[in-house]
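Colleague: Chain V is fixed; fit chain Z onto it per the hints.
There are 2 protein chains.
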Amino acid sequence: MSPTNLPGNATMTEHTMKAFDVDLQELQRLVVEMGGIAEQQIADAVDALNTRDVVLAQRVVSSDATLDALQRELEEKAVLTIARRQPMATDLREIIGALRVSNDLERIGDLAKNIAKRVVALGREFRYPTVMRGVESMSELVLAALKDVLDAFARRDTEQALRVWRGDEAIDAVNNSLFRELLTYMMEDPRNITFCTHLLFCAKNIERMGDHATNIAETVHYMVEGKTLSDERPKGDFTSTTTVPYPG
Amino acid sequence: MSPTNLPGNATMTEHTMKAFDVDLQELQRLVVEMGGIAEQQIADAVDALNTRDVVLAQRVVSSDATLDALQRELEEKAVLTIARRQPMATDLREIIGALRVSNDLERIGDLAKNIAKRVVALGREFRYPTVMRGVESMSELVLAALKDVLDAFARRDTEQALRVWRGDEAIDAVNNSLFRELLTYMMEDPRNITFCTHLLFCAKNIERMGDHATNIAETVHYMVEGKTLSDERPKGDFTSTTTVPYPG
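The listed protein sequences derive, respectively, from chains V and Z. Going by the numbering used here, the first sequence opens with residue 1, and the numbers climb by one from there. Going by the numbering used here, the second sequence opens with residue 249, and the numbers climb by one from there.
Since the hints were derived computationally from the structure, they do not count as laboratory data. Heads up, a few of these hints could be off.
[Claimed, not checked] Derived lysine-lysine pairs resembling BS3-like cross-links, with alpha carbons at most 25 Å apart:
1) Z:K325 - Z:K475
2) Z:K325 - V:K77
3) Z:K266 - Z:K325
4) V:K18 - V:K147
5) V:K227 - V:K147
6) V:K18 - V:K77
7) V:K77 - Z:K395
8) Z:K475 - Z:K395
9) Z:K475 - V:K227
[To be verified] Restraint-style ranges between C-beta atoms, simulated for each label pair:
10) V:E26 - Z:T299: 48 to 58 Å
11) Z:E388 - V:M17: 51 to 61 Å
12) Z:T489 - V:D47: 12 to 22 Å
Everything numeric in this text was worked out from a predicted model, so none of it was measured. Here a beta-carbon is modelled for each residue, glycine too, at the ideal position from N, C-alpha and C.
Chain V on its own, in the form it takes in the complex:
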């Protein structure tokens, strides 16, 4: 039997494929929407931190619910697509990829929200412009990494994904130097302790956003190549094992 003997069936397959493509596009659209919100959340949270803008900080906190809702929506759509279309191999990886990326974007939103919450605690103090510049430059690196990796996701560009993956070391390096700097300021003057503690957590949150960008890079690689990135990512975050001795 040649395929021409089965026009009904052929149309059916075409129809199924088309419906599947529509489903995939919808998942892709949701990832792009979530990515845009996550980027905005990072920028706003760090902006609110730099300018001690409590109103902007509150907005970041309340916007997080949008990201959570989109993630649940994507999860539901992804699972229904798998159940309805029974995709295999590459197609299946496309859906799992969207699921994983949405998970990372949702977690980036949580971290931005946590930074925003700390803006209230920090009050109107403006100490140590160099530390704030460090936080800002770290967040710029993370924002660039996120933009690049979402771009790599959209174009299924493993080369660009790998560049983001390797670039995370630079973010970790800024976090390490910030960690030491903040501990030193705390030792210099105990009145800095509350302020610096909150900044330590903010810096850690930004560093973890970078980790999520590298997770997304790994997902892009998995979607295209069908396997996990084998060699361990060069780790550069040593703050968990860093100690700063008191000079006194």
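Modeller: What follows is chain Z alone, placed relative to chain V:
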């Protein structure tokens, strides 16, 4: 047509159902295995922290890979089950539930690993037994919550899940008082700063493990009831907005 006219078909359905049950059991088994490892990782990490046992801490760090691998395995199996069996409604929720729980367990493992890494930084200092007791009692609450919620998951017991969900406030309360205590010690003597900073992060990690236990409680509710827990969980973690003024 009565069903008896379709023995072949009926057998087919029975066969499919049986295969689906086997798949579900396998997912369940993986969740239970991951849960056991996650519990052990928490206990070992806090134990290593209390006794400054670097060897045990290293073991926690290296065991984390097992949890990651199991999570990937569960994800793969879940997706293949959805694609093969096209489950609907309750059956589909069973699979999504297993996926979500495995995600939370994997993140609990990451947090335990981060605590273990800090054991090395803390060295052999034994300061402030009251703080260490606070960390210990918080981790006991979290371990109990995790055991209870995994039990609720295994028995699909929404009542027990809700109890865990509501109990998270107690964990947050311990974390709040620890946060204040640690900041005060840092202000009292700058030589405590590095030590207390690492303990702050450890306490935060334990508090976040508690959040994952409440996530699992929400998943149990979703699996049984088919809808998300509507009222927001009472939040008791105020450390993001806590300030401790320097008394001097």
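Colleague: Could you tell me which of the hints above the structure violates, numbers in ascending order?
Modeller: As far as the earlier hints go, 4, 7 and 9 are violated by this structure, in ascending order.
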